Amino acid sequence: MHTELTPNESLKLIESMIGQAKKSFSRISFYFLLWGALMIAAMLSTYLLRNTDPAWSNGIAWGVAGIVGGIVSFVYGARQSKSEIVTNPMDGIIGQVWISFVITLLIMILCGGLAHRDPGPMITLLTGIPTFLTGRILRFRPLIAGGVIFWVAGIAMHLTSDPMTLTVIYCGSMVFGYIIPGIMLKRQENGLRTA
Amino acid sequence: MAFAPLDPVLHNQLRLAVVSLLVGVDKAEFNFILEKTGATRGNLSVQLTNLKDAGYIVVTKSFRDNYPLTTCKLTAKGVKAFETYVEAIKGYLKP
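From first to last, the protein sequence lines are chains E and Y. Per our numbering, the first sequence runs over residues 1 to 195. Per our numbering, the second sequence runs over residues 1 to 95.
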């Protein structure tokens, strides 16, 4: 490497290196694919079990999906943090956004249960926030669009009570909000990102 | 108008590249910096030592899976020096 730099060269070098650092996000596509698949499976199970007794068993798939997803995410995250070669401050912000989402989600489920109301439509609306913000932070448009899709789906779910329609809307929002952006993000991570 | 003197520690292609890279992250491993700067291992080691001696970075040596692991992090002094350097460079570029 040359050691003599003109001011212009210095500035270009700084811009280039800061640009490299900005691309060094952790790999997070796994979480979108995992949770997208789990939520679709839970929604389909809920639809198929909708007439079973006792009534609480209708929603058992959500509990199983939540526990399985939580354990897998924790193990994956722990392994990933061990092998990361760089940590980006934005990774922490994305993590905090999702932690705040999970806390609000749990409160909504609890409140929905106590009030005997289906929290699904509100949770779908809520899912738009972290998805949209993650897309903005990563500057990744499919996730920004995913956030908007959750908002639209959340509104649509408030306008119907038909189990089949609710299932189609929810599963569709998961496919277009999590799964497809997750696949696209995974391709980008494999091609561009090193962390 | 007199130009502000450029920090000789930072006015070096590889050292400037390292500090610019570290400004955008919390911390980075040796291999990450190696890959992004395209430097040789030997040269990078020397320049990291220079930056460490200047107090601009902290170099932490540890082990991962029985392999040595070198992690670098910019210090507050390093951040300040980088900001001062960028301001000085801007002065040179003004018409």
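Treat the hints as calculated values from the structure; they're not laboratory data. Model, not experiment: these values are computed from the prediction. Warning: the hint list may mix true and false statements.
Here are the computed lysine-lysine pairs in the PhoX-like style, where the Cα-Cα straight-line distance is at most 20 Å [unchecked claim]:
1. E:23 to Y:27
2. Y:27 to Y:52
3. E:12 to E:186
4. Y:61 to E:12
5. Y:90 to Y:27
6. Y:52 to E:82
7. E:82 to Y:73
8. Y:90 to Y:52
9. E:12 to Y:52
10. Y:61 to E:82
11. E:23 to Y:90
12. Y:27 to E:22
13. Y:94 to Y:27
14. Y:61 to E:22
Hint-by-hint comparison with the structure:
For the hint pairing residue 23 of chain E with residue 27 of chain Y, the CA-to-CA distance comes to about 14 Å; that is within 20 Å, so the pair holds. Between residue 27 of chain Y and residue 52 of chain Y the CA atoms are separated by roughly 14 Å; this keeps the pair inside 20 Å, and the hint holds. This hinted pair does not check out: residue 12 of chain E and residue 186 of chain E have alpha carbons roughly 29 Å apart, beyond 20 Å. Proposed proximity of residue 61 of chain Y and residue 12 of chain E is contradicted: the alpha carbons are some 31 Å apart, above 20 Å.
At roughly 27 Å between alpha-carbon atoms, residue 90 of chain Y and residue 27 of chain Y are farther apart than 20 Å, so this suggested pair is violated. Among the hinted pairs, residue 52 of chain Y with residue 82 of chain E is inconsistent with the structure: their alpha-carbon atoms are about 25 Å apart, more than 20 Å. As the CA atoms of residue 82 of chain E and residue 73 of chain Y are separated by approximately 17 Å, the hinted pair is consistent with the 20 Å bound. A hinted pair counts as satisfied when its Cα atoms are at most 20 Å apart, and residue 90 of chain Y with residue 52 of chain Y does not qualify at roughly 26 Å.
Simply put, residue 12 of chain E and residue 52 of chain Y have alpha-carbon atoms about 24 Å apart, too far for the 20 Å limit, and the pair is violated. Of the pairs offered as hints, the one joining residue 61 of chain Y and residue 82 of chain E holds, with about 15 Å between alpha carbons and a cut-off of 20 Å not exceeded. Of the pairs offered as hints, the one joining residue 23 of chain E and residue 90 of chain Y is violated, with about 25 Å between alpha carbons and a cut-off of 20 Å exceeded. With a C-alpha separation of about 13 Å, the suggested pairing of residue 27 of chain Y with residue 22 of chain E holds against the 20 Å cut-off.
Using a Cα cut-off of 20 Å, the hinted pair residue 94 of chain Y and residue 27 of chain Y is violated, with the two alpha carbons roughly 33 Å apart. Restraint check for residue 61 of chain Y and residue 22 of chain E: not satisfied, since their Cα atoms lie roughly 25 Å apart, outside the 20 Å limit.
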